[in-house]
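Work from the hints to combine the two standalone chains into their complex.
Now for the letters of each chain:
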Amino acid sequence: MSEIDRGVVRYVADLARIALTDEEVDRFTAQLSVVLDAVGKLREVDTERVPPTASVLPLQNVLREDEVREGLTVEQAMRNAPSRDGDLFRVQTVIEERPPSG
Amino acid sequence: MAEAGTVRELASALRARSTSAVELARDAIARAKADPYNAWLLVAEEHALALAQAADERIAAGDPALLCGIPWACKDIIGTKDVETTAGSRILDGYVPPYSATVVERLDREGAVMIGKTNLDEFAMGSSNENSAFGPAHNPWDPARVPGGSSGGSAVSVAAGEVTFALGTDTGGSIRQPGALTGIVGMKPTYGRVSRYGVVAFASSLDQVGPFARAVEDAAIVCQALFGLDPSDATTMPLPAEDLRRDLERGVKGMRLGVPKEYFIRGIEPGVERAVRAAIRDLESQGASIEEVSLPSTDSALGVYYIIQPAEASANLARYDGVRFGLRVEGPDLVETYKRTRGAGFGAEVKRRMILGTYALSTGYYDAYYVKAQKVRTLIKEEFERVFAKVDALVTPTSPSIAFGIGAKVNDPLQMYLNDVFTLPVNIAGLPGISIPCGLSEGLPVGLQVIAGYFQEATLFRVAAAYERATDHHTLRPSTLRKS
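Heads up: the sequence lines are chains C and X, in that order. The first sequence begins at 1 in this note's numbering and counts up one residue at a time. The second sequence begins at 1 in this note's numbering and counts up one residue at a time.
If we strip away everything but chain X, and leave its shape as in the complex, we get (with noise of 0.2 Å):
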């Protein structure tokens, strides 16, 4: 039962008769079960043997989609018609939703195979995956450790070699973080290229679903499936179709990279930045000029996020009051149901950020908190426009540190929320970011993140095509792998 393959090798595999979808689903199911990284909530067998049967038939008949019969991961916040959806919380609890998000139709179309639902923190509110009512997972590279998060279980799939991709989805880093964390490539596209219906709302302004690969021409290939406009998402732009990977072997001569002061300051570890310069270094002597760009306003993404984000999400979730989906908890009066049903329901964190999120929009704070940070949010997204006049894409660590411990962080919400000092900016600003294998410290991966300009797509799987070609980051396996 060896691990994956790419989509190109599984593609031409299943062209040349090597092998069948249902063969590569029936191992990605065993893979599933016997995960021992709690990286899984449900897997989908029954589900995936009808979708690999169908695939089978389609590539019998000649289709040439790539993605056609691939086995693949969703992460538990993207709803799926019959398949039960959680949210990784106890409020939806039994939930089956009655259709499926546009990326799961959008992948079903294709023929790729969904194998079952992966594990993350609760509503996709933390950077652990330890906010999950169904337990942490836990990262292959160490057991011990977190695989980041929110998107945790999505990204161990792909890093343990049970799926080929994996769906997640990136408020402030959820894609992005957990690739680096566990040595995979992680990607959250422009805010507006993929439609969010049918995928459970955190902070709407902010949320972007993406893919998780062990290639980056795979993370391309499945961003291809995704991007489009959706008329049941009024934010999906109408943008022109373009082949997402015309790019990815023209390399990196000739382009102008910036690198941000503001991203090597302020409890970075010493080992992710030398992983992250000496990978500028290598762009550098594949041909890129490198130059030192500022964003000044760096220093208050985290404010802005901690406003934003939790203000939208106490708006979302207002829903969850035990009437028409999920956990109910009867009080002795309407009001009462609602706050036994949430109190009961919800998790730490989430009832944290409700707090907060419902304080930032009361009378009195409103302007103080909310008005004040969707105007400093103008700020950092001008200090992007103006950064990318200059130069092709910028090149920062994605995360201040490798994985750490499970427990070492969960009492001391602000040093969690530091985890994405790095990438919530780029949600902040919509823009799209790419996380990519860039060596190791401490025997831990770290991630390399490659941002570009809105709807520059291309340029981001360009730079990072370019690097992978040039480094051996991404042939790096955990250990406990290599054991078995």
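So that you can see chain C by itself, here it is in the shape it has in the complex (with noise of 0.2 Å):
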């Protein structure tokens, strides 16, 4: 049987930035549970001496000259902004006011 259950859905679903329903929650255990009992089958291939491949390309550090090149313009790069100000995106205050001291 897998790890997994309901506190560590919700823990990834956090580190993973996502809100979920406690229905969703409920669900996606079950399901997920199941996934991982058929991916943990790995567990019994022997890797001992096999590297990891992460790429399958014989390509190394593919590198090119610094060349100044045309980009976007700021209007292009900005017009899909759910929100804006200017030129800048708008989000919410990230650092707060230190609150005073004493």
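One or more hints might be untrue.
Facing chain C, a subset of chain X residues (Cβ under 10 Å, in silico) [stated by the list, open to error]:
| hint | residue |
| --- | --- |
| 1 | 190 |
| 2 | 205 |
| 3 | 326 |
| 4 | 430 |
Below 16 Å or equal to it, Euclidean Cα-Cα: the simulated EDC-like pairs (lysine to aspartate or glutamate) are [said to hold, decoys possible]:
| hint | chain 1 | residue 1 | chain 2 | residue 2 |
| --- | --- | --- | --- | --- |
| 5 | X | 261 | X | 383 |
| 6 | X | 375 | C | 44 |
| 7 | X | 375 | C | 46 |
| 8 | X | 253 | X | 392 |
| 9 | C | 41 | X | 299 |
| 10 | X | 409 | X | 349 |
| 11 | X | 351 | C | 24 |
| 12 | X | 351 | C | 23 |
| 13 | X | 375 | X | 299 |
Derived by calculation from the structure, the hints in this document are not laboratory data. If you're wondering where the values come from, they're calculated on a predicted model, not measured in any experiment. For glycine and all other residues, C-beta sits at the position ideal for the given N, C-alpha and C.
Following this line, the structure appears as structure tokens:
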């Protein structure tokens, strides 16, 4: 059996920044347990002296000249913004003011 | 309003002035608008007519490009400048890309005419097109059944004769499986052949763009336009140009074709096995020698895929945060805004895979899952390499089943994932694969998969074209179309 339970699903969803309803937590816990049990069979494969493959291509360190090229204009880059302030993406305050000490 | 012809038919009709690109585009637009299968998310009428007008001018000036003026459909995960791109998701609500994917630019350069954007499983995560935020696409062979996925809409647009070809993306079978289930050609190139620049990223070490078509030659013509180094995608391979159609007429006489025994066990439908075994006999009677081969790690491919793919996806989809584009659902603070945006914007399958992928990458599980999967990936790749030292190509079923009913597997993710057991090992190893129609089972199409060695697409097309010439399965049409 896999080690996934409702607490793990909530914790991992939090890491992934996804809000879940209680119903989703229940459903995904059951479904992901089945998937992880199937995936867990990999543990039985002997990989003692096998290196990992991240990419199948025989390419390494693809380099190019560091040349100035035309990119998107500010307006092109900004035009899909859900909320903006001139040439800036508007988000909520991230750093709050320190409460007065004392 | 007849069905769209093949590239060769249309290219010669255009040169004979018996039709025009504008006329072809108008017909395709009318078919797309009348499509009863929910194959299209957007018909880009004005955009298409402008492209068609330009194509007519090029043809009048003597442009020989075969794809000039040919109508095509684009999976809506491929970015198109100034044409809305959804990836089948609510989270990209209203997103209009400021640039086109390299594959779209290359088809634009040929003069091909994009008619619109097609339905898909959200972020290409699915094997049935049922995970689309915009409703499932329906199979023209039986509208109560799925067309396969994730590139379901693209497959349907070609299978229903609405356009001549379509582009899809294939991460674990998302071109080949819907190609099989709708009775057309679906092809995934070698990883590194086609630029992924401008394509919404799903699992970056597995994703590859490829064509759907009615004819093997058309798939080769489209690949000819797509293949090649792109400075904007460092995973495209620098290779000398080659003629992908050079072996189309050669036949299979003298070729060695391998049949991996591990592809004929585990849940394959008897009707599918019958059709595929008959296809292998047809290839043998065309002069190929058939050998049974073994790929012992095939059994581990599903596990490898369902770690690597969600892990890469969970990193790629981190960018959907409601700040720079797409949906934003405000919360009391920024972190809560991220969570609410992603909770509301992603569908159930995407959430499941984000959780699975984040879990596999998290502290304490990274070595046990992610690194382990990458090691088994090495074994799978090496087994293919050993087999390709002995045979020229492999022939297998594309999918273990024919098209299944809409709703039949939606609540059982593992059953859904098993649709791709014969296609996903090809992505794990990065090899090229093609699915071609090889007959019917219970009145529905079955696909034959041909797999070749790295960058051996000409060999794939050779086998597929020989089979197409020797049989008439590719001429079969759904009865829903025959009636009209």
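Evaluated hints:
no.: 1; hint: 190; result: 9 Å, holds
no.: 2; hint: 205; result: 5 Å, holds
no.: 3; hint: 326; result: 7 Å, holds
no.: 4; hint: 430; result: 3 Å, holds
no.: 5; hint: X:261 x X:383; result: 13 Å, holds
no.: 6; hint: X:375 x C:44; result: 13 Å, holds
no.: 7; hint: X:375 x C:46; result: 9 Å, holds
no.: 8; hint: X:253 x X:392; result: 12 Å, holds
no.: 9; hint: C:41 x X:299; result: 9 Å, holds
no.: 10; hint: X:409 x X:349; result: 12 Å, holds
no.: 11; hint: X:351 x C:24; result: 9 Å, holds
no.: 12; hint: X:351 x C:23; result: 13 Å, holds
no.: 13; hint: X:375 x X:299; result: 15 Å, holds
This entry satisfies every hint, going by the numbered hints stated previously.
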